[in-house]
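Put together the whole structure using the sequences plus the hints.
Listed here are the chains, written in short residue letters.
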Amino acid sequence: MAVLPLDVYEAYLRILKDPDISQPLAAIGVSTELIQASNAGTTAELVNETFEALSELKRRTPGSVSVQAGCDLFIAFMTLFPHEADTLSALKAELVTQGQKYVAEALSYRDKIAQFTLGFIKDDSVILTHSYSRVVMKALLNAHKTKRISVYVTEARPNGLGLKTYAQLIEAGIPCTVVLDSAVAYVMDKVDFVLVGSEAVVESGGLINAVGSNQMAILAQAARKPFYALAESYKFHRHFPLSQYDLPTHTPSILSFPVLSAGSSDTHDQNSGTSPEVAPGPDDGNSRARQSSQAVPEWRMTAEQISCNPEVDYTRPDLISLVFSDVGILTPEGVSQYLVGMFAG
Amino acid sequence: MAPPPALPVHPPSGPHHDSKPPKKSQKEMTKAERKELQERQRAAKAEAKASSQPSSSTPAQKKSNKPAEIVPRPPPTPGRAPREATRGAAAVAHETAAGANERGLRIFSHFGLPKAVSAPKGDIHPVTLRLALQFSEFKIVGANARCIATLIAFKTVIQDYVTPQNTTLSRHLMTHLSPQISHLVAARPMSVTMGNAIRQLKLEISGSDIDLPEQDAKDLLCAKIDQYLSERVLAADGIIEENGQKKIKDGDVILTYARSSVVEKVLLAAHESGRRFSVIVVDSRPLLEGKRLLSVLSHAGIKCKYILLPSIGSIITEVSTVIVGAHSIHTNGAVYSRAGTALVAMMAKQHSIPFIVCCETYKFSEGVQLDSFTKNELAPPGDRIATFPLTKPRESLTLANSPHLEVLNPLYDLTPPTSITAVVTEVGIVPPNSISSIPVALGRLL
Chain A
1 MAVLPLDVYE
11 AYLRILKDPD
21 ISQPLAAIGV
31 STELIQASNA
41 GTTAELVNET
51 FEALSELKRR
61 TPGSVSVQAG
71 CDLFIAFMTL
81 FPHEADTLSA
91 LKAELVTQGQ
101 KYVAEALSYR
111 DKIAQFTLGF
121 IKDDSVILTH
131 SYSRVVMKAL
141 LNAHKTKRIS
151 VYVTEARPNG
161 LGLKTYAQLI
171 EAGIPCTVVL
181 DSAVAYVMDK
191 VDFVLVGSEA
201 VVESGGLINA
211 VGSNQMAILA
221 QAARKPFYAL
231 AESYKFHRHF
241 PLSQYDLPTH
251 TPSILSFPVL
261 SAGSSDTHDQ
271 NSGTSPEVAP
281 GPDDGNSRAR
291 QSSQAVPEWR
301 MTAEQISCNP
311 EVDYTRPDLI
321 SLVFSDVGIL
331 TPEGVSQYLV
341 GMFAG
Chain B
1001 MAPPPALPVH
1011 PPSGPHHDSK
1021 PPKKSQKEMT
1031 KAERKELQER
1041 QRAAKAEAKA
1051 SSQPSSSTPA
1061 QKKSNKPAEI
1071 VPRPPPTPGR
1081 APREATRGAA
1091 AVAHETAAGA
1101 NERGLRIFSH
1111 FGLPKAVSAP
1121 KGDIHPVTLR
1131 LALQFSEFKI
1141 VGANARCIAT
1151 LIAFKTVIQD
1161 YVTPQNTTLS
1171 RHLMTHLSPQ
1181 ISHLVAARPM
1191 SVTMGNAIRQ
1201 LKLEISGSDI
1211 DLPEQDAKDL
1221 LCAKIDQYLS
1231 ERVLAADGII
1241 EENGQKKIKD
1251 GDVILTYARS
1261 SVVEKVLLAA
1271 HESGRRFSVI
1281 VVDSRPLLEG
1291 KRLLSVLSHA
1301 GIKCKYILLP
1311 SIGSIITEVS
1321 TVIVGAHSIH
1331 TNGAVYSRAG
1341 TALVAMMAKQ
1351 HSIPFIVCCE
1361 TYKFSEGVQL
1371 DSFTKNELAP
1381 PGDRIATFPL
1391 TKPRESLTLA
1401 NSPHLEVLNP
1411 LYDLTPPTSI
1421 TAVVTEVGIV
1431 PPNSISSIPV
1441 ALGRLL
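These protein sequences, in sequence, are chains A and B. Position 91 of the first sequence, counted from 1, bears residue number 91 in my numbering, the numbering being contiguous throughout. Position 82 of the second sequence, counted from 1, bears residue number 1082 in my numbering, the numbering being contiguous throughout.
Simulated from the structure, these hints should not be mistaken for laboratory data. The structure displayed is predicted, hence computed values, not measured ones. Possibly wrong hints are sitting among the right ones.
As the list claims (entries may be wrong) - Going by beta-carbon spacing under 8 Å, a handful of chain A positions derived as facing chain B:
1) Pro317
2) Leu319
3) Gly341
Positions of the beta carbon are idealized from the N, C-alpha and C atoms, including for glycine.
Encoded structure:
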């Protein structure tokens, strides 16, 4: 394989430092830099090189569905759309300017989405949101200018990004309360609707977002509350997950059971009769319980335990009321129709 | 004094009215009666279009001069109604008694019934004759197989065709092909795939260049047919195979119903790429097509289970994905497929198991169908195709001889889009309700 003219991953991280740039846009930014730096002699070489570089980028960022969405979008743009350039250098220039123009334009998409969302937020609304999302923040801050809103935000373990949302909303003067991830059902009856951002919107019309969104959508449907997702159109991704375990982010280690050694499984068996969680002291046989209970009186997940958990989950399209995007307010079916039109043509 | 003269006048008018109202002359009729007569004539004409003549389409006033000739069986006037009605009913009853087989099926009489191949009408090519026999005896089954067989047969028909004098291929070939098509349809109702392919073929024929030498034009048409087969069917299957097998993971239990050529390819491809999974083939009478799939899969070394449809409830919880094929797919995303598929889909939905349909885009049908009664096809009566092991002679098990029993075997049913998770096509995996946007996106009609 030819040496790439640019360390894509390093470039990706550098572009991503800008707080406004999201992952798909960074991927597109990398592509334009790559084409600029490329010394490919033919169009086919250029396409191959970009293809390889983006595959490399996808490989280096496992678990990022939105990077994949951005890469696919750029490849589709390169290969499917007609270009007017006559020479290779003109083509390169065109791709670069179009790419840069797209990134610049895409930064305004969040304002557009915030404007669309405004029509659905009534005065005195109580909104439930999940974790931290730039586009949701923009929508909430924009709504705050004209309407009185209050927000419940989940803590969103393990990253605790909900606290970031909380801090920014309080700073802007929006009443906000952090709720536990496990208290979503408790708070659901109090809210008017649920507003979440997205990692990617997939071809089924479903949503990939920070873990916890799926249960929130299920609870919202059970409580008959609208569940709105906000997504910029560059996050639309041509992938059709059939279940949680069909996501590209799913690895065998997620949800795996630990391999117990013979001794510890013995003690486990003994313990299962008593109540192991409460009794910190007397059971000498259980070395794991003793260790943790002696070190800290409270129970916390270890990093190892957290690593068995997913970062994102998939929300089925029938649980989503509407998807707000810069191409319009779409029903979940509308998303898949848009995607078919975009990539199949 | 008034009553006596009135009496003799009235009684005749009663019987007279009863017995011969059609002989009433034009002038005696009231305006309403005349209008009614005209209505009836019009209805009768619509029924028997064949007998319609240019003269009968003249304005109503002229027609009403000779009502008796035009209306062959004038429907009863109010007075005569009861008698006529009973006579009609008797006639119908007699007819049904004669055709005992048809009796219980009258509400399904619009379903296509497989018939013994009729005597060919017109100039039928031997290839078509053979194909019609194969269709009617269910030797060639399946939407893909029938479409491929038809197109290959038509290639021969086109090659053997000679344009008559004073006409051109582009104008005359279709009149030569039409009887072939009707002969095939007489053997078994046309599949959606055949319909789509034939429509495309007609388009190519009418578009072929008049100035082209005949042999070149025929070769060009055959090349177009080959292209259609390779692009819309074979290449499409290849991509579906590729897309579909990605949805099969190690340790999966795949359930499939009856037999679909595409599903077979997907499962074999997934097996070849080294994935370890097992397959449950669900099957049902009367065709028991699943047995063929079963033998292919088990020969390839895939672990299989074979069950009949009634026992699906006990194994559905083990299943991770259901994959089935389709006869055709409607614009609203409803899938028209082998009878029983809808039941499997409902079971899968009930247990939230993904239900995937593999379907090429040339199977799209632009209509919308809401149930499986408006259009369907019946399996041949008796079970001359089923080959389930039998210990008794088949005749002793046949139900057709019982006068109070009718066997009804619709071949297809309709799976609503709500119980379908995804449709795997050659343009990607799409949810069923986005099907209608695919032809638009591809910028072509089906």
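Output the numbers, in ascending order, of every earlier hint that fails for this structure.
-> 2
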